[in-house]
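*Asks:* Listed below are the residues making up each chain.
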Amino acid sequence: MVAFQGDVSEHVHAMERALGSEGSVVAVRSMGTVPDCDGIVLPGGESTTISRHLARTGVGDEIQVAARSGVPIMATCAGLIVISKEIVEETRFEPLRLLNVRVMRNAFGSQRESFEADLKVEGFDSPYRAVFIRAPAIVGWHDDVDILARIEDMAVAVRQENLMGLAFHPELTGDLRFHEIFLDMI
Amino acid sequence: MQLEELRFGTELLKRGFAKMQKGGVIMDVTTSEQAVIAEEAGAVAVMALQAVPADIRKMGGVARMADPKIIMEIIDSVTIPVMAKVRIGHYAEAQILEAIGVDMIDESEVLTPADEFHVEKVKFTVPFVCGARNLGEALRRIKEGAAMIRTKGEAGTGDVREAVRHMRLIGGTIRSLKGMNDDELMKVAREIEADYELVLECRDMQRLPVVNFAAGGIATPADASLMMQMGADGVFVGSGIFKPQNPELMATAIVEAVNNYDNPEKLVEISTGLGDPMKGIDAGTLKEGEILQTRGW
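Top line first, the protein sequences correspond to chains A and B.
For the first sequence, our numbering assigns the number 9 to the initial residue and increments by one for each residue that follows.
For the second sequence, our numbering assigns the number 4 to the initial residue and increments by one for each residue that follows.
Looking at chain A on its own, in the form it has when it is part of the complex (with noise of 0.2 Å):
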């Protein structure tokens, strides 16, 4: 779990009971954990903050190293943004460049037009409930890029072989369906 800022605690909760008793999460703020490890997630937080403070440590290198090995990875909202390939109008700061996406920050507007709304979900049996906070949008995407879910034209659920982004917040409503997609990946 990349635990420099962002709801890491809700994030280290919900994966500890979509994993039971079969294995553990570790926070990670400093160099010399993610090589260990099975899967990594990515929370939300802010992108730009996450982002400094992975550049900063190396722990951003790691990350790709990782992710090129064929690593899981789960990055939700700001990590969704932190692992493209392309932001829009983004001058501030590099991405990780692992998800062949283009993605728009704050694509629905400010914390006023922050939304729920119940998504239909390529593969889920019923609609699930999804928290966009601040969201950011999948504006373009590559044809390895499998789209799992969309708002209008826009995808906000993708799955690139070991990596699954999502433009919102699976550790703050309890369905754990994202999770399990993960786990399985492990």
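One should not assume that every hint holds.
Computed footprint of chain A on chain B; a stretch qualifies when at least three of its residues, placed anywhere within it, have a C-beta under 8 Å from a C-beta of chain A [as the list claims (entries may be wrong)]:
#1 15-25
#2 40-48
#3 98-105
Calculated from the structure, these hints are not laboratory results.
Since the structure is predicted, the reported quantities are computational estimates derived from the model, not experimental observations.
No residue lacks a Cβ here, since even glycine has one placed at the ideal position from N, Cα and C.
For chain A, the structure is supplied; the task is to place chain B on it using the hints.
*Replies:* Frame of chain A; chain B shown alone:
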């Protein structure tokens, strides 16, 4: 997906927004240039103000919501969330901030109070953060709809003592609820003038049910570390960023300190060579009319 199926302004969205700020530093700024410096340093959000608390103290007079022009300029200059302050009870100022599109409203004792009652925050789509000195005050604000609490401390002093005292008081009271039965909790709820259900929630969670930042007097990386060690989810730094000799250095150092709050070796590095912090005022020497924390109830 049709847009009318979306739900806005729910408690989950408001409290969720506050959760995304955890582990971060929220900085007071008065210009778009300062906002950019704060964002560069790694702030999770900025608080747009007409003047920082230390200057509000000096200027005297009535302190009000900032000019919308300043707030809009700041919103346009950064991608991180922008917050702004309203006077206690001034719901018209709050409506204006919501219409501008700020991400969070701070109903703040730093501004001159407009009413003895606080804004009914559940009515708004935008989330609120409110100050508190003790558990009763924090839970009254949460009951009114606050999605986040900041311990008040004593703003604009650069003296961390009051922030420490308030954090200790809230944490201590929550710890004392442990093991209490329902009757005893009811008695506590009456004594501290707080909602019983919320007191119950604090006993069970052993923390406030919303995100709790420290504020009011944080001026150095060590101050930030201290508040994080005491259980704060993050810190607000007001005058402590742009009053020191070198704001860029201080801003980055405080962000780093929040992230490494439990690592003294790293804090040595972070605290070294920052230049003079803000001069500050010993909070113990303030006269009655100069104390901000007693505003509100």
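*Asks:* All hints, please: hold or fail.
*Replies:* Status of the hints after comparison with the structure:
no.: 1; hint: 15-25; verdict: holds (count 8)
no.: 2; hint: 40-48; verdict: holds (count 6)
no.: 3; hint: 98-105; verdict: holds (count 3)
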